[in-house]
Every structure is written in structure tokens, then in C-alpha cells.
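*Asks:* Chain by chain, the residues:
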Amino acid sequence: MSAARTRAAVALARSANALARLAGSGGTSLPGRLLLRLEPSALGHLAERLRAGSAVISATNGKTTATAMAAAIFAAGGQPVLFNRSGANMAGGVAGTLLELPGSNGAQPPLLGLFEVDEMWLAQIVDALAPRQIVLVNLFRDQLDRYGELEEIAARWSTALSTPPGSAADCGLCADDPLIADLGQAAAGPPTYFGIEDATAASEVPFHALDARHCRRCGAPYRFERLFVAHLGHYDCPSCGAKRPRPQISAQQIALDGARGSRFTLHTPAGSATVSLRVPGLYNIYNALAAATIAHIRDVPPATIARGLGSFVPAFGRAEALALDGKELRIMLVKNPAGATEVLRTLAGAGEQLCLLGILNDRIADGRDVSWIWDAEVELLAGRLTALVCSGSRAAELALRFAYAGVERSRIAVESDLRRALAQALAQVPPGSTLYALPTYTAMLELRRLLGRGGRSLRRGQ
Amino acid sequence: MSARARLRLCALYPELMNIYADRGNLIFLERRCAWRGIELRYERRTIGEPLEGERYDIIYIGGGQDRDQRLCAEDLLAHKAAGLHAALAQGAVLLAVCGGYQLLGRSYEISPGDELPGVGIFGARTVRSAKRLIGNIAIEVQPQALGGLLGGAGQLSRGGRLLAGFENHAGRTLLDDGQAPLGRVVRGHGNDGASGFEGAVREGAIGTYLHGPLLPKNAWLADLLIARALRIDPRELQALTDDLERAAHACALRAAGVRAWV
Ligand SMILES: [Zn+2]
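In order, the protein sequence lines correspond to chains A and B. Heads up: the first sequence begins at 1 in my numbering, then just goes up one per residue. Heads up: the second sequence begins at 1 in my numbering, then just goes up one per residue.
In case anyone wonders, no lab produced these hints; they're calculated from the structure. A couple of the hints might just be wrong.
Here are the simulated distance ranges between beta carbons [claimed, not checked]:
no.	chain 1	residue 1	chain 2	residue 2	range
1	B	Gln-238	A	Gln-353	49 to 59 Å
2	B	Asp-114	A	Arg-409	22 to 32 Å
3	A	Ala-199	B	Tyr-42	28 to 38 Å
4	B	Arg-184	A	Glu-152	31 to 41 Å
5	A	Arg-409	B	Gly-91	48 to 58 Å
6	A	Leu-101	B	Asp-114	44 to 54 Å
To be clear about the criterion: a stretch of chain B counts as covered by chain A if any three or more of its residues have a C-beta under 8 Å from a C-beta of chain A, and this derived list gives those stretches [to be verified]:
no.	segment
7	94 to 108
8	208 to 222
Please read all numbers here as calculations on a predicted model, not as lab measurements. Using N, Cα and C, we set each Cβ at its ideal position, and we do this for glycine too.
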């Protein structure tokens with residue numbers, strides 16, 4: 001009976017979807033939310049049609065990229081995939097993605113669902129989808145006004161892994177994030193761990209940037225032998241003996257190539273392969289390892305994993321590159337101190353003089369509290385900026401942060417109108433060079449909308 | 001003002017009490033001093049270390065996660081209380097933000113029914129409530145509230161000055177009779193969401209729920225602290241190019257729904 005209700009609700013929600021697309025607002029989670037309103041159990045019913053089952057990925061940072069990377073790997077292996085590519089990652093967004101399911105047709109190959117899931121929605125979505133894999137990548141301080149403290153999220157995730165249907169899933173956990181690795185205790189089966197094994201890739205991470213300092217089991221401070229990204233590294237607890245598990249999936253022999261990408265050797269129990277990534281930084285190597293972990297659990301051979309990762313093109317504001325009148329615009333989403341610091345570190349490692357467009361919004365999806373900009377290592381860019389234009393609803397506060405990080409005030413401009421800010425920043429970029437845009441989440445959406453609709457007039461205005 | 005002015009700042013538990021980017025306040029003070037040729041020496045004192053209060057002109061304590069707050073509460077009583085009182089008696093400035101403010105009252109209920117004793121810098125006790133008070137906040141500081149800090153200079157104009165910031169706290173801080181608040185809430189919740197009071201002031205000590213980097217949003221308060229730490233009138237401080245500072249102040253006030261008076 002409820003399957004019949006799901007069919008009716010799906011038909012209605014699909015019409016809403018079609019209408020939304022006609023109105024030019026495709027990609028919202030509205031049709032999915034409507035579907036769940038009409039039929040709360042629709043998520044589970046629709047997911048049953050994913051005959052290859054589903055996998056979910058959650059993290060504070062990188063889940064959109066990791067999910068898209070996993071999709072690229074499965075595409076390389078010829079496995080049809082459905083995934084929430086627009087980053088709509090709460091129940092409504094997942095439902096909206098499931099609305100794209102083709103009608104049942106026995107002749108089609110079994111479809112695999114890949115879903116990035118918002119931290120707070122993990123338990124609920126695992127409950128509805130009963131995924132075969134759950135991969136957890138990292139936990140950072142992010143939007144404390146909305147998400148609360150890290151240990152609360154870790155506790156929720158622990159419950160999701162230890163109770164059905166989550167306990168039936170294979171789980172993939174980042175060995176290098178102590179909070180995530182410790183969730184292995186809650187998993188029903190042995191987890192697959194992933195991590196970085198190249199000690200030479202360790203970076204100078206300031207101690208204040210560590211979000212997980214105390215052992216989740218006993219409360220004593222962790223001892224970090226080396227750190228790669230924020231609190232992700234090699235560690236142990238001198239008090240209770242908890243230590244980083246040995247990862248089965250690892251990155252070794254890492255070579256970073258500035259803001260362009262990286263190369264590394266991927267090791268798995270099924271063999272090794274060389275991976276070239278077209279997204280920069282160690283943080284994206286963690287995303288690649290998370291994607292590789294799902295693929296490995298699903299028996300994708302290392303060579304295919306490497307081919308898929310190599311074909312991955314960044315999208316949706318995650319180091320996405322766009323051509324604008326002989327110049328390049330690279331959009332690098334920033335949303336919390338740990339993620340922003342890695343982006344800044346990557347830019348600093350690019351070894352060039354940079355033009356930057358920083359856009360700080362404080363809408364609900366960004367977090368209303370913009371305090372975090374003072375915890376990002378903006379100092380890394382002091383002496384490296386030829387021009388900085390700050391925009392967004394809190395533009396002046398972002399500009400102030402850069403001024404106090406040592407960027408000369410004469411190079412800083414504040415322009416709250418995004419269209420003018422973009423034009424002003426682009427004008428300062430020499431032909432053939434790159435403008436780096438660092439937007440918060442809603443600023444990234446605004447920027448893409450601006451480029452999509454007003455791109456032409458903006459180019460003419462050049 | 002002497003070009004060789006020097007200040008000593010002590011940050012308490014900076015690695016634990018930095019949940020909302022509290023170090024923004026330290027960066028802000030350090031830069032504003034440096035631009036004026038004032039040397040700001042930075043030291044930190046953490047768990048188990050004594051606080052030699054007489055050594056410092058400015059003491060800062062920020063906010064932390066619950067687990068860290070408990071560690072700090074116990075340590076404050078055991079190793080820092082005497083130093084804090086001594087520093088204030090010598091005319092030092094103390095800025096306590098969010099969790100740090102809570103820990104400096106008479107008592108702090110960290111979880112329902114679990115009350116930790118405080119060091120009693122402020123005549124206040126903090127109880128816990130299930131509902132967090134979250135959002136942008138603007139307060140109006142009464143000149144008389146900062147009388148101790150201003151040393152009678154009466155610098156504040158137009159019946160008060162505005163502070164803008166962000167608050168996020170489950171604690172409700174109730175001031176004792178006779179304990180002066182820092183200001184009155186213009187927008188937001190403040191100490192308890194009901195009294196209309198925000199923060200507390202005693203001599204050179206300021207406690208406030210405006211969390212994390214509140215000084216970058218309110219450069220005038222940063223300068224007030226610097227002047228008081230130097231034992232000079234704020235008007236004697238060298239003026240700086242404060243264009244971005246004024247814009248940031250107005251921006252933060254606007255976020256709280258208050259139009260700046262600039
Ligand atoms: Zn331990």
C-alpha cells in the first residue's frame with residue numbers, strides 16, 4: 001500500500017521537479033522535500049530500486065568532492081551510478097536525487113547510488129537507505145551555531161554505525177582523524193581504514209588549528225608524531241594506548257603540484273597504482289582515498305580506481321576552473337578554519353603572486369557566525385597578494401582579517417556588490433593568469449549564478 | 001607617549017580555550033600595538049602552571065568545549081586564582097570571553113546539577129539551560145560601567161558606545177546585586193536572555209558573552225584595553241588608519257540589526 005503511495009507521491013514530486021526546471025531553478029531540494037512530505041517512507045522505497053545498493057559518505061570537509069570522485073571511479077569501471085552531484089545532502093536532497101531514477105526496466109544494468117550526506121543527517125539517511133557502505137572522512141569545527149561540538153557529532157555517528165541497518169554496512173574510516181578512527185570500535189564488522197603513509201608530506205600545522213586534541217576514550221591529550229591536514233596525522237594516546245590504526249588503503253610517494261593537482265601511489269590490498277589528481281592539496285588526497293575505499297570494498301581494481309581519479313574534473317566550486325576572456329577563474333570553496341587553511345596553504349604553495357577575490361557571507365548555510373576567519377591561517381598569504389577584493393555580506397570583516405595578517409591595505413578593496421567585485425578583481429589579473437575566488441557556500445552559489453547568467457555582459461564589460 | 005612602551009600579555013589556556021577563534025583578539029591587540037611602536041610580549045599559561053599575576057598588564061581567557069571548560073575550571077582555582085586577583089589589584093586589564101567569562105564568576109553549572117566553584121572575579125553565577133542562546137548581538141556600554149577602565153577619563157560619547165559580536169551559550173549568567181554589567185542588550189540575548197544585561201565589569205576586568213574575535217569588530221574597545229594597560233588616557237594613543245576597522249564595526253552592528261552611528 002505504501003509502495004503505491006510512493007508511486008503517487010513520486011509522480012507529483014516529479015511534476016514539481018519539471019516545473020522547477022522550467023522556472024529555471026533546477027537542482028534545488030524542493031521536489032525531494034515535497035516527496036518526503038507526501039510520503040515519508042519514499043526514500044527507502046525508491047532506494048530499493050538501486051539494484052547495486054548504495055554507499056554514503058559524510059565528513060565536515062570534502063564530502064562533495066569525495067562523492068564525485070567515487071562516481072568518476074565507478075564510471076571508469078562501467079558501473080552506472082546515481083549521485084547527488086549538486087551537493088544537496090540532507091534528506092530532501094537525497095530524495096530529489098532518487099527522483100531521477102529511471103523507471104523500472106529489467107534490461108538495465110543494476111544502478112549504484114552514491115550519496116554525500118550532511119553530518120547531522122547521517123543516522124536518518126542510513127536508516128532510510130540501508131547503504132552497503134558508509135565512509136566517514138573527517139570531523140572539523142564547522143558552524144558551531146548549527147552543528148554543535150564535534151564530540152556530539154561523533155557520538156551520533158557512532159550510534160549510526162552500531163545499530164541496524166548501519167551495523168550491516170561495511171564501513172570505511174579515515175585512520176588519520178582520531179575522532180573518525182575511533183568510531184571503528186562501534187562498527188559491527190572490521191572497518192577498512194584509509195590514510196596517508198608518506199611522512200615527507202607532513203606539514204607545519206599550528207597547534208591552535210587542532211580540532212581534536214583529546215583522546216575520545218580517556219580524555220588525555222593525543223601525541224601527534226606528524227600532521228598532514230589540521231588534526232589529521234599520525235598519533236597515539238600515551239595514556240590509554242589508543243593509536244592510529246594501520247590503513248589498508250593508503251597514499252604514498254606524494255608529489256604536490258601547487259594549486260593544480262598532485263600525484264601519489266595508491267596502495268590497496270589488491271595492489272597499487274599511480275594516481276594523478278587534477279585537484280590540489282593533501283586534503284583532496286584524503287577525498288581520493290575515501291572514494292578509493294568505497295571502490296575497493298566493491299572490488300574495483302586499483303588500475304580502474306586510478307583511471308577514474310585521474311579523469312575526475314573538479315566541479316561546483318571545489319577548485320573548479322572557468323575560462324573568462326583569456327583569464328582563468330578558479331573557485332575554491334572555504335567554509336571553516338581547517339578547510340580554509342588548507343586552501344590558503346595550497347595557494348601559498350603555488351609559489352606565485354596571486355590575485356584573490358574573497359567572498360564572506362553569513363547566511364544560514366554559511367553559518368551566521370563569521371568568527372572562524374580569525375582561526376584560518378590567512379598569514380600564509382602575507383606578501384603574496386598583488387590584489388585582494390573582498391565581497392559578501394561580511395566583506396569588511398574579511399578585509400580586516402587580511403589586513404591584520406599582514407596584507408598591505410593599499411592592495412585591499414572592499415566591494416559588497418559581487419558583480420562589481422568580480423569585475424574589479426578580474427581587471428587586476430594579467431591575461432593568461434588566474435584569479436582565485438574563495439567564496440563561502442552561498443557566495444559560491446551566487447558566484448556561479450552570476451557567471452552562468454551574467455557571464456557574457458561581464459566579459460563585454462572587460 | 002614613550003616610543004619604548006612595552007606590555008606583557010598572558011593568554012590563559014590558549015590551546016584549550018579557543019573554540020570561536022579567540023586568538024583573533026590576540027592578533028588584533030598585537031598588531032595595533034606594533035603599529036604604534038608598543039612591544040606586546042605574549043606569554044601563555046596553561047593547565048598546571050602558576051600565574052604570576054604581577055608580571056602582566058593584560059590577561060586574556062577565551063571559550064572552550066565543555067570538556068576543556070571543566071579542566072580549566074579546576075585549574076583556575078588551583079593555580080590561577082591568586083594571580084588573577086593580584087593582577088587586578090595592580091591595575092592589569094583582564095578580558096574574559098564566553099566560557100572564560102563563565103568560569104570567572106562565583107560558580108558555574110557545567111551540566112545539570114553539576115556546579116563548579118569559580119574564582120569569583122565577577123559577582124555572578126552561571127546556571128545551565130537546555131536552550132542555547134545563539135545569534136548576532138549588539139550591546140550599549142554605559143560610560144559608568146567602564147569607569148574603572150577609563151580612570152575617570154569619561155571618554156565614551158553619546159551616552160554609551162556600541163559593541164557588536166556573536167553569542168552562543170547554554171549558560172545563563174545571573175549578576176549579584178551590586179555587580180555592574182558591561183552593558184545593556186540592544187539586539188540579542190546577553191547574560192540570561194531576560195534581564196537585558198550583558199557581561200560584567202569589575203575594576204580592569206571585563207567579562208562578556210560576545211564570543212571569539214570581538215576586538216576586531218570593536219577596535220575602540222581594543223584601544224581602551226591597550227590604553228588602560230599602559231596606564232594612560234585612551235586619547236593619548238596614537239591614532240591609526242582605522243578605515244577597515246570602522247567598516248568592520250559597522251558591518252557587525254548591521255548583522256545584529258543595528259545601524260552604526262558613525
Ligand atoms: Zn586515551
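*Asks:* Taking the hints in turn, state whether each one holds.
*Replies:* How the hints compare with the structure:
Between B/Gln-238 and A/Gln-353 the CB atoms are about 32 Å apart, so this pair departs from the stated range of 49 to 59 Å. Look at B/Asp-114 against A/Arg-409: about 49 Å separates their beta carbons, and that is not inside 22 to 32 Å. Roughly 31 Å separates the CB atoms of A/Ala-199 and B/Tyr-42, a value that falls within the hinted 28 to 38 Å. Checked against the given bound of 31 to 41 Å, the beta carbons of B/Arg-184 and A/Glu-152, roughly 33 Å apart, stay inside it.
Separation of A/Arg-409 from B/Gly-91 is about 34 Å and departs from the stated range, judged on CB atoms against 48 to 58 Å. The supplied range of 44 to 54 Å is met by A/Leu-101 and B/Asp-114, whose beta-carbon atoms lie about 50 Å from each other. Check on the segment 94 to 108 of chain B: 0 of its residues sit with their Cβ under 8 Å from a Cβ of chain A, so the three-residue criterion for coverage is violated. Counting residues of the segment 208 to 222 of chain B whose CB falls under 8 Å from any CB of chain A gives 5; the rule of at least 3 is met.
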